[in-house]
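Novice: Chain by chain, the residues:
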Amino acid sequence: MMRSKVLSLVPRATGACRTMSTATKLTTVEVNDKTGIATLTMNRPPVNGLNLELLRDLHKSIEEIEGNKSRGLILTSSNATIFSAGLDILEMYKPDKERIRAFWTSLQDVWLALYGSSVPTAAAINGHSPAGGCLLATACEYRVMLPKFTIGLNETKLGIVAPKWFMASFLSVLPRREAERALNQGRMFTTDEALQIGLVDEAASTKEEALDKCAQFIGTFAKVNPLARSLTKQQLRAVELEQLENERAQDLEKFLFFINQPAVQKGLGIYLESLKKKAKN
Amino acid sequence: MMRSKVLSLVPRATGACRTMSTATKLTTVEVNDKTGIATLTMNRPPVNGLNLELLRDLHKSIEEIEGNKSRGLILTSSNATIFSAGLDILEMYKPDKERIRAFWTSLQDVWLALYGSSVPTAAAINGHSPAGGCLLATACEYRVMLPKFTIGLNETKLGIVAPKWFMASFLSVLPRREAERALNQGRMFTTDEALQIGLVDEAASTKEEALDKCAQFIGTFAKVNPLARSLTKQQLRAVELEQLENERAQDLEKFLFFINQPAVQKGLGIYLESLKKKAKN
Amino acid sequence: MMRSKVLSLVPRATGACRTMSTATKLTTVEVNDKTGIATLTMNRPPVNGLNLELLRDLHKSIEEIEGNKSRGLILTSSNATIFSAGLDILEMYKPDKERIRAFWTSLQDVWLALYGSSVPTAAAINGHSPAGGCLLATACEYRVMLPKFTIGLNETKLGIVAPKWFMASFLSVLPRREAERALNQGRMFTTDEALQIGLVDEAASTKEEALDKCAQFIGTFAKVNPLARSLTKQQLRAVELEQLENERAQDLEKFLFFINQPAVQKGLGIYLESLKKKAKN
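Chains as they are written, first to last, in the working numbering: chain A, 1 to 281; chain B, 282 to 562; chain C, 563 to 843.
These are calculated hints, taken from the structure and not from any lab test.
Incorrect hints may have been included.
Listed below are the simulated DSS-like cross-link pairs for lysine-lysine, each with C-alpha atoms no more than 30 angstroms apart in a straight line [unchecked claim]:
1) B:Lys-375 <-> A:Lys-148
2) B:Lys-557 <-> C:Lys-659
3) A:Lys-164 <-> B:Lys-557
4) C:Lys-659 <-> C:Lys-828
5) A:Lys-223 <-> C:Lys-726
6) A:Lys-69 <-> C:Lys-816
7) C:Lys-828 <-> B:Lys-445
8) B:Lys-504 <-> A:Lys-276
9) B:Lys-375 <-> B:Lys-547
10) B:Lys-558 <-> A:Lys-277
11) B:Lys-559 <-> C:Lys-785
12) B:Lys-315 <-> A:Lys-164
13) A:Lys-280 <-> B:Lys-375
14) A:Lys-60 <-> A:Lys-34
15) A:Lys-266 <-> B:Lys-504
16) C:Lys-785 <-> B:Lys-558
17) B:Lys-378 <-> A:Lys-254
18) A:Lys-223 <-> C:Lys-710
19) A:Lys-164 <-> C:Lys-828
20) C:Lys-631 <-> B:Lys-445
21) A:Lys-254 <-> B:Lys-375
Distance ranges between label pairs, derived from CB positions [said to hold, decoys possible]:
22) C:Ile-759 <-> A:Leu-227: 33 to 41 angstroms
23) C:Gln-797 <-> B:Pro-543: 40 to 48 angstroms
24) C:Lys-785 <-> B:Pro-327: 47 to 55 angstroms
25) C:Glu-625 <-> A:Asn-32: 24 to 32 angstroms
26) B:Glu-490 <-> A:Ser-274: 32 to 40 angstroms
27) B:Glu-526 <-> C:Thr-782: 50 to 58 angstroms
Derived, one-sided and incomplete: chain A residues facing chain B with beta-carbon distance under 10 angstroms [as the list claims (entries may be wrong)]:
28) Ile-100
29) Arg-101
30) Leu-158
31) Arg-177
32) Arg-187
33) Asp-192
34) Gln-250
35) Asp-251
Source: prediction; values computed, not measured.
Heads up, the beta-carbon is just placed ideally off N, CA and C, and yes, glycines get one too.
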């Protein structure tokens, strides 16, 4: 099954060192001189699994783009078939006590920075985008997706529960009825289905075309006052942003309690074993 | 007018005894051995009017299904043309002081149990479904409806106001603009209109087909972790559930105050008379 | 650019006196004897700019319609091409300290009265309807629009931020994703686009036809109990109404703080100069 390979929570490449130098750059930021638009690329082979280091780099890159007067931010992946496979399961299996707190806190940081970004944001979804990958995409204001990939919050399929702010991101894009059903089912949408239901805004046949369409969306703000636009967006997103900001500590403890359940650890272990076997074949 | 006959708040059959033995079963629960899905059938002739006894049996049956590890719950009717005609008007006309409190409390119990049910829920709407009938249907996660029937919250047509939780159930299914207009108008939707607007999810030509489609919906959770699914649903529905749970006493008093207004009692009396005349013709 | 001429915040006609006698009638109310529907017409040439006097007259007229047992309210304009061009910029440029407080307070009054009106409301949008014009239209329950005009909350294009209650009005009509994007972009929708997205409910080719369609909408309440209908609407709109009612003073101070920023005053001055130049050509 192609799909099962990218079902969120993927392990780091075999032999990868657990701690990485902070100098390791897992993201790149390129600003187009002509348009002033910054492209933020996730680059953590093999599947852009969101581990502590990638999350920290993402957070730094978003803050950099906020600070450098970019006209907009496009989030994409260097991988040919995967946007991001979601949270790195190795961060959650037999976790180090300190590191897992930093991991979850960084995930909160990234979402708060991206969902609340003062610049226009768009995702060029050039590959599969389950779970945490879908979270990043729905935190943006616009989504363009390449054909024959899948996107969705498939947490229930993995035996976990998407936190309230994952749901808030999702509900800001989809109608309530469709969002609730998809979240309960852990449904992954194909590009066509995602377009049909409004989970993505446009399809594109190549990454270049996706980046172009994202840039066109950001271009619709050319004649808009940037401060007024930014304050308008903040006001609209204040409810969801404030909810997480006010509950960060509580949200972290809830995650830690859940992840440390023996049944959850056992499930993650079985899942990791199955991935190892697949990798050998 | 066919429609007027089923406009909610219908009287019990002439000569029916006001109090019924608690042994009287007004609902049946059948669990399919193969699928593990429980079918909950309302069976209170002539129109499944929701009186205290039917509500108590519904509540017991939902709790039974919660407890017996069913894979899902399908709500339907034994009646060939009516799903449920809504609240039994005889419970509200010249009401007994104690009984009417138990009646409304049971209605709250049923909605809380159904809207918050830990198992997947679907309604096979095999007949007209006004007011309280629509409440039960929208408390489920999925709706399949037979042709040429009607569904809606038509309270304003009856001179009453749907409580906040009736509205919450309705708003969780329809877009705000459509929901508000329909609630103000007390609009009854035909099967085709309900399908078009999203008030029901599928049409079916027979009851068997409706039950099958409901079972297929419940089947979409086959590969989903049941605990994760249940917690996800609870989290999504927490706002509406907590609102009623926190306001149960207040909601009861509001209903009692309203129903005891002389103008309301007079209106119910006139309505009952008109139904008696129809029954004679 | 035709569109730029009607971009909200328009100046009063050259030479217009700043203060007007309260006796000046800038609105008319006509009640149809047959239908019982009141038509409320804005009549402040050249563009129905919402200044203190027009807002006060609007508020009085809405209260009059509430009081005279009308069956419904249709809001429209006496102008052939403009419904309302929004807030009168002269109220905000180098404002008088007392008058600007009265101005904003009157705008709050008008919205609270219209959004919370106990009678069914509809807008016959017979011309362009930017910013404050769109606010009035979305406060109604139904919208019929003539072809080739534009409607939207274009505040960000003017360098300002729509208050929370402008957004609430807009969000009660449009899906969240579409509403957020339009608000950020300050997007003006053509009649066709507005119809497509649901910002208006019907198109009409003449003002007469628009008024007829509004009357037909109000006619859908003919068999609905007026008190039950009114209480249902209040309950549905309570969240938005209470939010502004609880924050009126705070909302006023926020507006005053914003409008008195030197950069905002400078921007308004430049905009006024550009309008004067256009008027000379």
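Novice: Against this structure, judge whether each hint is valid.
Specialist: Right, here's what the structure says about each hint:
1. B:Lys-375 <-> A:Lys-148: violated, 63 angstroms
2. B:Lys-557 <-> C:Lys-659: violated, 67 angstroms
3. A:Lys-164 <-> B:Lys-557: violated, 52 angstroms
4. C:Lys-659 <-> C:Lys-828: holds, 18 angstroms
5. A:Lys-223 <-> C:Lys-726: holds, 23 angstroms
6. A:Lys-69 <-> C:Lys-816: holds, 27 angstroms
7. C:Lys-828 <-> B:Lys-445: Outside the cut-off at roughly 47 angstroms; violated.
8. B:Lys-504 <-> A:Lys-276: Given pair Lys-504 (chain B), Lys-276 (chain A) holds - Cα atoms ~21 angstroms apart, limit 30 angstroms.
9. B:Lys-375 <-> B:Lys-547: holds, 10 angstroms
10. B:Lys-558 <-> A:Lys-277: violated, 75 angstroms
11. B:Lys-559 <-> C:Lys-785: This hinted pair holds, its Cα atoms lying about 20 angstroms apart.
12. B:Lys-315 <-> A:Lys-164: violated, 35 angstroms
13. A:Lys-280 <-> B:Lys-375: violated, 76 angstroms
14. A:Lys-60 <-> A:Lys-34: holds, 23 angstroms
15. A:Lys-266 <-> B:Lys-504: Holds: Lys-266 (chain A) and Lys-504 (chain B) sit about 18 angstroms apart, inside 30 angstroms.
16. C:Lys-785 <-> B:Lys-558: holds, 21 angstroms
17. B:Lys-378 <-> A:Lys-254: violated, 45 angstroms
18. A:Lys-223 <-> C:Lys-710: Distance ~22 angstroms between Lys-223 (chain A) and Lys-710 (chain C) Cα, so the pair holds.
19. A:Lys-164 <-> C:Lys-828: Given pair Lys-164 (chain A), Lys-828 (chain C) is violated - Cα atoms ~43 angstroms apart, limit 30 angstroms.
20. C:Lys-631 <-> B:Lys-445: Between Lys-631 (chain C) and Lys-445 (chain B) the Cα gap is close to 27 angstroms, so the pair holds against 30 angstroms.
21. A:Lys-254 <-> B:Lys-375: violated, 51 angstroms
22. C:Ile-759 <-> A:Leu-227: 33 to 41 angstroms: Between Ile-759 (chain C) and Leu-227 (chain A), where Cβ atoms are some 27 angstroms apart, the hint is violated.
23. C:Gln-797 <-> B:Pro-543: 40 to 48 angstroms: Since the Cβ atoms of Gln-797 (chain C) and Pro-543 (chain B) sit about 22 angstroms apart, the hinted range of 40 to 48 angstroms is violated.
24. C:Lys-785 <-> B:Pro-327: 47 to 55 angstroms: Roughly 25 angstroms apart at Cβ, these two residues miss the hinted range, so it is violated.
25. C:Glu-625 <-> A:Asn-32: 24 to 32 angstroms: At 55 angstroms between Cβs, range violated.
26. B:Glu-490 <-> A:Ser-274: 32 to 40 angstroms: holds, 38 angstroms
27. B:Glu-526 <-> C:Thr-782: 50 to 58 angstroms: Distance hint for Glu-526 (chain B), Thr-782 (chain C) is violated at roughly 35 angstroms.
28. Ile-100: violated, 20 angstroms
29. Arg-101: At about 22 angstroms, which exceeds the 10 angstroms cut-off, the nearest Cβ of chain B leaves the hint on Arg-101 (chain A) violated.
30. Leu-158: Cβ of Leu-158 (chain A) sits 7 angstroms from chain B, so the hint holds.
31. Arg-177: holds, 5 angstroms
32. Arg-187: holds, 8 angstroms
33. Asp-192: violated, 18 angstroms
34. Gln-250: This hint is violated: Gln-250 (chain A) lies away from chain B, its Cβ roughly 14 angstroms from the closest one there, beyond 10 angstroms.
35. Asp-251: Check failed: Cβ of Asp-251 (chain A) comes no nearer than 12 angstroms to chain B, outside 10 angstroms.
The structure does not agree with the numbered hints 1, 2, 3, 7, 10, 12, 13, 17, 19, 21, 22, 23, 24, 25, 27, 28, 29, 33, 34, 35 stated previously, though it agrees with the rest.
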